[in-house]
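**Student:** Since the structure of chain A is provided, determine the placement of chain B on it from the hints.
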Amino acid sequence: MIKIVFRIIVILLVIALVTAGLYFLVQNNSSNIGLSSERQFNPQQTQDGSRPAARGNFRGGDHEFENGASLLRGLGGMLVTLFQIAIITLIVVQLQKILGRSRRLARS
Amino acid sequence: MSTKTNLILDITIFSVFLAVSNPAITGLAVHEWLSVAFIAALVTHILFHWEWIATLLMQFFKKLFHSSRLNFVVDSLLFVAMISVMLSGILVSRVVAQALGLNLAAGPAWRSIHSVSADATLVLMALHFALHWKWVVSSVNRYVAAPLIGLIRRPAARTAPVGENN
Chain A
1 MIKIVFRIIV
11 ILLVIALVTA
21 GLYFLVQNNS
31 SNIGLSSERQ
41 FNPQQTQDGS
51 RPAARGNFRG
61 GDHEFENGAS
71 LLRGLGGMLV
81 TLFQIAIITL
91 IVVQLQKILG
101 RSRRLARS
Chain B
1 MSTKTNLILD
11 ITIFSVFLAV
21 SNPAITGLAV
31 HEWLSVAFIA
41 ALVTHILFHW
51 EWIATLLMQF
61 FKKLFHSSRL
71 NFVVDSLLFV
81 AMISVMLSGI
91 LVSRVVAQAL
101 GLNLAAGPAW
111 RSIHSVSADA
121 TLVLMALHFA
131 LHWKWVVSSV
141 NRYVAAPLIG
151 LIRRPAARTA
161 PVGENN
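Here the protein sequences line up with chains A and B, keeping their order. So the first sequence is numbered by the working numbering: it starts at 1 and just counts up by one. So the second sequence is numbered by the working numbering: it starts at 1 and just counts up by one.
In isolation and in its complexed conformation, chain A is listed as follows (with noise of 0.2 Å):
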């Protein structure tokens, strides 16, 4: 149990540091190249400096849910997720064999 214990405190102090570094990371390079002040650059922030209205743009998409949720959208999404990740996976998989074959080759 105090294994498990030390291995959760290891692991959350691990995300916790690349999380302070990814920040700090960030943080001093837009300010470097002037990007701190985001009402300067946001048009999106108002004049009360709250954020709008909830507008997804995850995966660098334009996609607006801020009407909720779509089922059709979404499945649509996922689909090409998975066909993303099945394109992917195919391909490492077969520059896998041909690695494994060519490897097999060479030795006899």
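Everything labelled a hint here was simulated from the structure, so no lab data went into it. Any given hint could turn out to be false.
[What the hints assert, rightly or not] Pulled a few chain A residues facing chain B out of the computed Cβ check, cut under 10 Å:
id	residue
1	Arg7
2	Val14
3	Val18
4	Thr19
5	Leu71
6	Arg73
7	Gly74
8	Gly76
9	Gln96
[Unchecked claim] A few chain B residues facing chain A, derived, Cβ under 8 Å:
id	residue
10	Leu7
11	Ile11
12	Ser21
13	Ala24
14	Ile46
15	His49
16	Ile83
17	Ser84
18	Leu87
19	Trp110
20	Ile113
A virtual CB, placed ideally from N, CA and C, is assigned to each residue, including glycine.
**Tutor:** Positioned in the frame of chain A, the structure of chain B alone reads:
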């Protein structure tokens, strides 16, 4: 931890990942809260594979190249990409930040980082999946396909006439 438990956990994580990576299916609020919950899934996944990670980490510098090293590099990059998605997601979040009473002054860079790291996570997740393909196939065959085939065959065997096997 048994292979069956690992498989169930991995299928669950993958399903949640699919739902989280398509916020249109869940809506913004569920997308944000599910992403926060995903941290627990990530920790559990690492915890379940602790021995494997520890062994790889020890052997990392021993050999110049082996497939486990590639696995380790991909997994580490996936870990960083996932943390980037979660961190940037929390920083640009509206529902979670509001619920927790946080006033996060995230710069516009975080929005781009959220998109880029989400794309990177998808690619790395696919690579992670591909590099563990043999394990996935053997586990699915053993714990999903074989029991299903057994279920289909059993009723067929029951309904078959007694003298048919002679």
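**Student:** The structure should be examined with respect to each hint, and the outcome stated for every one.
**Tutor:** Hint check:
With a cut of 10 Å, the hint placing Arg7/A at the interface with chain B holds, because the nearest CB-to-CB distance is about 6 Å. Interface restraint check for Val14/A: the shortest CB-CB distance to chain B comes to about 8 Å, inside 10 Å, so the restraint holds. With a least beta-carbon distance of about 5 Å to chain B, the hint placing Val18/A at the interface is held under the 10 Å criterion. Because the smallest distance between the Cβ of Thr19/A and any Cβ of chain B comes to about 5 Å, under 10 Å, the interface hint for this residue holds.
At its closest, the beta carbon of Leu71/A sits 7 Å from a beta carbon of chain B; the interface hint therefore holds under the 10 Å criterion. A hinted interface residue such as Arg73/A counts as satisfied when its beta carbon comes closer than 10 Å to some beta carbon of chain B; here the least separation is about 4 Å, so the hint holds. For Gly74/A, the interface hint holds, since its Cβ comes within 10 Å of a Cβ in chain B; the closest pair sits about 2 Å apart. This hint holds: Gly76/A has a C-beta 8 Å from the nearest C-beta of chain B, less than the 10 Å allowed.
With a cut of 10 Å, the hint placing Gln96/A at the interface with chain B holds, because the nearest CB-to-CB distance is about 8 Å. About 17 Å separates the beta-carbon of Leu7/B from the nearest beta-carbon of chain A, more than 8 Å, and the hint is not met. With 8 Å as the threshold, the beta carbon of Ile11/B stays out of range of chain A, its nearest partner Cβ sitting at about 13 Å, so the hint is violated. Here the hint on Ser21/B is kept, as its CB sits about 6 Å from the closest CB of chain A, short of 8 Å.
Taking 8 Å as the C-beta contact cut-off toward chain A, the hint placing Ala24/B at the interface holds, the least distance being around 4 Å. Annotation: Ile46/B was flagged as interfacial toward chain A, and the flag holds, the nearest CB pair being 5 Å apart, inside 8 Å. The beta carbon of His49/B is not positioned within 8 Å of any beta carbon in chain A (closest approach about 11 Å), and the interface hint is therefore violated. This hint holds: Ile83/B has a C-beta 5 Å from the nearest C-beta of chain A, less than the 8 Å allowed.
Interface restraint check for Ser84/B: the shortest CB-CB distance to chain A comes to about 6 Å, inside 8 Å, so the restraint holds. With its C-beta approaching chain A no nearer than about 5 Å, Leu87/B sits inside the 8 Å limit, and its interface hint holds. For Trp110/B, the shortest C-beta to C-beta distance to chain A is roughly 7 Å, which falls under 8 Å, so the interface hint holds. The beta carbon of Ile113/B comes within 6 Å of a beta carbon in chain A, closer than 8 Å, and the hint placing it at the interface holds.
Of the numbered hints given earlier, the model fails hints 10, 11, 15; all others are met.
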